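**Q** One letter stands for each residue in the lines below.
Protein chains: 2
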Amino acid sequence: MNPSSSNHTFIKACLRQATDYTPVWLMRQAGRYLPEYCATRAKAGSFMGLATNVDYATEVTLQPLDRYALDAAILFSDILTVPDAMGLGLSFAQGEGPKFAKSVRNEADVASLAVPDMNKLRYVFDAVSSIRKALQERVPLIGFSGSPWTLACYMVEGAGSDDYRHVKTLMYSRPDLMHRILEINADAVAQYLNAQIEAGAQAVMIFDSWGGVLADGAFQTFSLAYTARVLAQVKKEHDGVRIPSIVFTKGGGLWLPEMADLSCDVLGVDWTVNLGKARQQVGGQVGGPGKALQGNLDPNVLFSPPDHIAREVRSVLDSFGKPHANTRTSGPTHIFNLGHGISQYTPPEHVHALVETVHQHSRGLRN
Amino acid sequence: MNPSSSNHTFIKACLRQATDYTPVWLMRQAGRYLPEYCATRAKAGSFMGLATNVDYATEVTLQPLDRYALDAAILFSDILTVPDAMGLGLSFAQGEGPKFAKSVRNEADVASLAVPDMNKLRYVFDAVSSIRKALQERVPLIGFSGSPWTLACYMVEGAGSDDYRHVKTLMYSRPDLMHRILEINADAVAQYLNAQIEAGAQAVMIFDSWGGVLADGAFQTFSLAYTARVLAQVKKEHDGVRIPSIVFTKGGGLWLPEMADLSCDVLGVDWTVNLGKARQQVGGQVGGPGKALQGNLDPNVLFSPPDHIAREVRSVLDSFGKPHANTRTSGPTHIFNLGHGISQYTPPEHVHALVETVHQHSRGLRN
Numbered sequence: 001m002n003p004s005s006s007n008h009t010f011i012k013a014c015l016r017q018a019t020d021y022t023p024v025w026l027m028r029q030a031g032r033y034l035p036e037y038c039a040t041r042a043k044a045g046s047f048m049g050l051a052t053n054v055d056y057a058t059e060v061t062l063q064p065l066d067r068y069a070l071d072a073a074i075l076f077s078d079i080l081t082v083p084d085a086m087g088l089g090l091s092f093a094q095g096e097g098p099k100f101a102k103s104v105r106n107e108a109d110v111a112s113l114a115v116p117d118m119n120k121l122r123y124v125f126d127a128v129s130s131i132r133k134a135l136q137e138r139v140p141l142i143g144f145s146g147s148p149w150t151l152a153c154y155m156v157e158g159a160g161s162d163d164y165r166h167v168k169t170l171m172y173s174r175p176d177l178m179h180r181i182l183e184i185n186a187d188a189v190a191q192y193l194n195a196q197i198e199a200g201a202q203a204v205m206i207f208d209s210w211g212g213v214l215a216d217g218a219f220q221t222f223s224l225a226y227t228a229r230v231l232a233q234v235k236k237e238h239d240g241v242r243i244p245s246i247v248f249t250k251g252g253g254l255w256l257p258e259m260a261d262l263s264c265d266v267l268g269v270d271w272t273v274n275l276g277k278a279r280q281q282v283g284g285q286v287g288g289p290g291k292a293l294q295g296n297l298d299p300n301v302l303f304s305p306p307d308h309i310a311r312e313v314r315s316v317l318d319s320f321g322k323p324h325a326n327t328r329t330s331g332p333t334h335i336f337n338l339g340h341g342i343s344q345y346t347p348p349e350h351v352h353a354l355v356e357t358v359h360q361h362s363r364g365l366r367n
Numbered sequence: 001m002n003p004s005s006s007n008h009t010f011i012k013a014c015l016r017q018a019t020d021y022t023p024v025w026l027m028r029q030a031g032r033y034l035p036e037y038c039a040t041r042a043k044a045g046s047f048m049g050l051a052t053n054v055d056y057a058t059e060v061t062l063q064p065l066d067r068y069a070l071d072a073a074i075l076f077s078d079i080l081t082v083p084d085a086m087g088l089g090l091s092f093a094q095g096e097g098p099k100f101a102k103s104v105r106n107e108a109d110v111a112s113l114a115v116p117d118m119n120k121l122r123y124v125f126d127a128v129s130s131i132r133k134a135l136q137e138r139v140p141l142i143g144f145s146g147s148p149w150t151l152a153c154y155m156v157e158g159a160g161s162d163d164y165r166h167v168k169t170l171m172y173s174r175p176d177l178m179h180r181i182l183e184i185n186a187d188a189v190a191q192y193l194n195a196q197i198e199a200g201a202q203a204v205m206i207f208d209s210w211g212g213v214l215a216d217g218a219f220q221t222f223s224l225a226y227t228a229r230v231l232a233q234v235k236k237e238h239d240g241v242r243i244p245s246i247v248f249t250k251g252g253g254l255w256l257p258e259m260a261d262l263s264c265d266v267l268g269v270d271w272t273v274n275l276g277k278a279r280q281q282v283g284g285q286v287g288g289p290g291k292a293l294q295g296n297l298d299p300n301v302l303f304s305p306p307d308h309i310a311r312e313v314r315s316v317l318d319s320f321g322k323p324h325a326n327t328r329t330s331g332p333t334h335i336f337n338l339g340h341g342i343s344q345y346t347p348p349e350h351v352h353a354l355v356e357t358v359h360q361h362s363r364g365l366r367n
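Protein sequence lines correspond, in order, to chains C and P.
Residues in the first sequence are numbered consecutively from 1, following my numbering.
Residues in the second sequence are numbered consecutively from 1, following my numbering.
Please keep in mind that the hints were generated in silico from the structure rather than gathered at the bench.
Be careful, since some hints might not be right.
[Stated by the list, open to error] Quick list of the computed label-pair ranges, beta carbon to beta carbon: (1) C:D307 with P:A159: 42 to 48 Å; (2) C:R67 with P:A42: 54 to 60 Å; (3) C:Q360 with P:G217: 16 to 22 Å; (4) C:G321 with P:Q220: 15 to 21 Å; (5) P:G89 with C:A39: 37 to 43 Å; (6) C:Q280 with P:E237: 36 to 42 Å; (7) P:R363 with C:S46: 57 to 63 Å; (8) C:G160 with P:R311: 27 to 33 Å.
In this text, all values refer to a predicted model and were calculated from it rather than measured experimentally.
Note that the Cβ used here is the ideal one computed from N, Cα and C, for glycine as well.
Working from the sequences, and respecting the hints, build out all of it.
**A** Pasting the structure below:
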């Protein structure tokens with residue numbers, strides 16, 4: 001094997017190399033819809049108890065791989081570990097979203113922020129090493145982080161929000177403070193992802209979960225520019241092997257042409273995006289530059305009967321069209337995923353229909 | 001005056017006629033951010049008490065016009081009056097969103113749905129007549145309804161939702177039932193808007209508040225097609241006067257090219273849309289067909305100081321660019337608005353900065 005590449009279908013598709021079928025993994029694939037996940041979480045006592053325990057984190061990361069023929073594993077962790085390491089005090093109340101003990105709202109709060117000592121995130125890097133070892137090269141391991149803007153949303157709001165009032169008030173009233181937060185976040189995220197790569201992550205993904213709440217103009221200034229700042233610092237290879245990077249902006253479909261300039265390999269898109277149009281915009285030509293695309297089934301499709309699921313999965317694959325088949329050069333490729341995390345209410349047996357249809361139909365598409 | 005047109009700046013801009021300045025109104029302009037609104041609501045006892053009382057509804061509709069130089073009034077009501085008239089039992093608990101006593105989830109629920117007797121909505125049409133009279137032609141009055149899909153979301157979920165799990169489960173599992181609900185909704189909405197027009201509404205707007213949660217493909221099938229079904233039945237003129245229609249799909253920016261085919265005059269867009277690009281896509285040329293555009297300031301801008309508000313307002317006007325000035329033919333026009341309803345936390349004095357900047361800067365843009 002050429003040390004600069006990998007035989008994993010997922011990695012090849014990230015790098016726009018031809019594959020025999022379309023690889024598939026699911027955002028939040030290790031999650032509450034799996035009874036075995038709930039059992040491990042019960043043993044761990046809490047979400048953070050689960051995420052900070054290397055053995056538990058390894059166990060739950062591998063659980064979906066034992067059920068389904070998924071083509072990648074993703075580190076079990078949370079997007080908010082970095083602000084937690086900054087001292088904001090992350091917690092998850094039962095049945096609620098994440099919450100910070102301290103929020104960042106004014107000049108003094110911002111002045112006290114700094115890139116955290118990466119040793120505080122050692123539990124994450126240890127989990128990466130442990131998972132990588134446990135995987136035994138079955139499938140590649142994806143590391144991840146929230147984007148600088150998405151972290152800032154939670155840091156300023158102190159929790160989830162439906163109007164982003166506090167973070168946008170700060171952004172529109174004191175852009176200087178917002179830029180300072182985003183600089184710190186970007187540098188912290190870059191260090192965090194690099195440490196995951198050193199610990200064994202074979203690809204990295206930046207979740208810009210809240211980029212889509214920004215206005216046109218503000219997105220470019222306050223989200224995209226800082227994602228670019230992260231990417232400028234993230235290692236493109238490790239031990240001579242290429243480490244692909246994925247950027248996913250939920251609700252960012254309108255900005256795909258601008259995201260095409262990011263120094264990353266893959267763009268993730270949600271279900272509002274037409275994959276065929278996205279391919280035209282950013283997928284590139286055979287032999288030319290471009291981005292691989294990842295997505296984009298609505299997770300709610302998984303509530304319908306298996307034959308309906310299969311039909312919708314085929315429709316997503318067909319909307320991307322035939323991936324390129326030229327093994328001597330790069331070209332448009334697709335990684336199948338949901339357009340957002342899998343719902344906790346998903347019947348686990350329904351996921352088989354998705355994974356099997358992706359593999360089967362995508363092989364057919366290539367003939 | 002030609003009986004088929006109007007001298008109102010707002011109506012002219014809707015019809016892509018040249019105006020001296022860009023008209024402005026704000027979604028939810030009669031709302032909780034105004035202390036006088038809260039006082040009237042307290043007298044009325046509840047939201048529905050306010051909406052069903054002709055005098056109170058008239059009073060609150062006119063309140064923002066007394067404070068600000070707005071170019072249109074919008075009927076004070078709720079998007080969910082139609083399913084309420086279908087017998088689902090709408091209520092608003094203090095500090096919470098709308099709730100239905102009965103939700104629509106299965107075949108029997110759907111079988112019992114029908115276009116409601118418009119007499120049950122008489123309070124709305126009476127409010128329209130009363131407001132129109134009270135306005136004394138100061139500014140035109142906009143009537144409105146939720147879109148068939150948006151009504152269906154609430155009818156199936158029974159309340160607001162953050163994942164639309166129930167309505168999407170029904171849609172993906174039993175598309176036949178969903179189509180039946182949407183047919184009934186579309187025909188009901190068309191009758192409802194026509195009765196508002198007969199009562200005095202001078203323009204009508206369809207709020208597709210939740211169209212943007214649909215996947216590409218599902219949007220066209222389950223939202224856009226039924227908005228088109230409404231528009232096919234809505235009166236284009238009344239007593240010889242043109243009645244412009246506006247369609248606003250929150251989160252629908254990616255589908256603007258397809259919305260260009262709707263039989264309406266104006267497309268509303270949220271803040272994620274670049275108005276310059278939207279104008280290229282759907283605004284048309286001078287002398288040719290096209291849509292007027294309405295939008296799209298992020299309501300959160302109103303939390304920043306007035307000079308910041310003015311800067312962001314100018315930026316939105318500039319992104320649309322110079323509207324056409326040819327008084328003998330139609331061409332691209334812009335109606336300034338927010339990209340969503342004004343927040344209840346908005347400082348009322350900040351709205352002056354918005355309205356004044358729109359009028360002043362847009363006059364300047366034309367010179």
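**Q** For each hint, tell me whether it holds in the structure or not.
**A** Right, here's what the structure says about each hint:
1. C:D307 with P:A159: 42 to 48 Å: 31 Å, violated
2. C:R67 with P:A42: 54 to 60 Å: Distance hint for R67 of chain C, A42 of chain P holds at roughly 56 Å.
3. C:Q360 with P:G217: 16 to 22 Å: With Cβ atoms ~21 Å apart, the hint holds.
4. C:G321 with P:Q220: 15 to 21 Å: Taking Cβ atoms as reference, G321 of chain C and Q220 of chain P lie about 19 Å apart, which means the hint holds.
5. P:G89 with C:A39: 37 to 43 Å: Once the Cβ atoms are compared, 41 Å apart, the range 37 to 43 Å for A39 of chain C and G89 of chain P holds.
6. C:Q280 with P:E237: 36 to 42 Å: 40 Å, holds
7. P:R363 with C:S46: 57 to 63 Å: Holds - the Cβ-Cβ distance for R363 of chain P and S46 of chain C, about 59 Å, lies within 57 to 63 Å.
8. C:G160 with P:R311: 27 to 33 Å: Holds, at about 29 Å.
In the structure shown, a violation is registered for the earlier hint numbered 1 alone.
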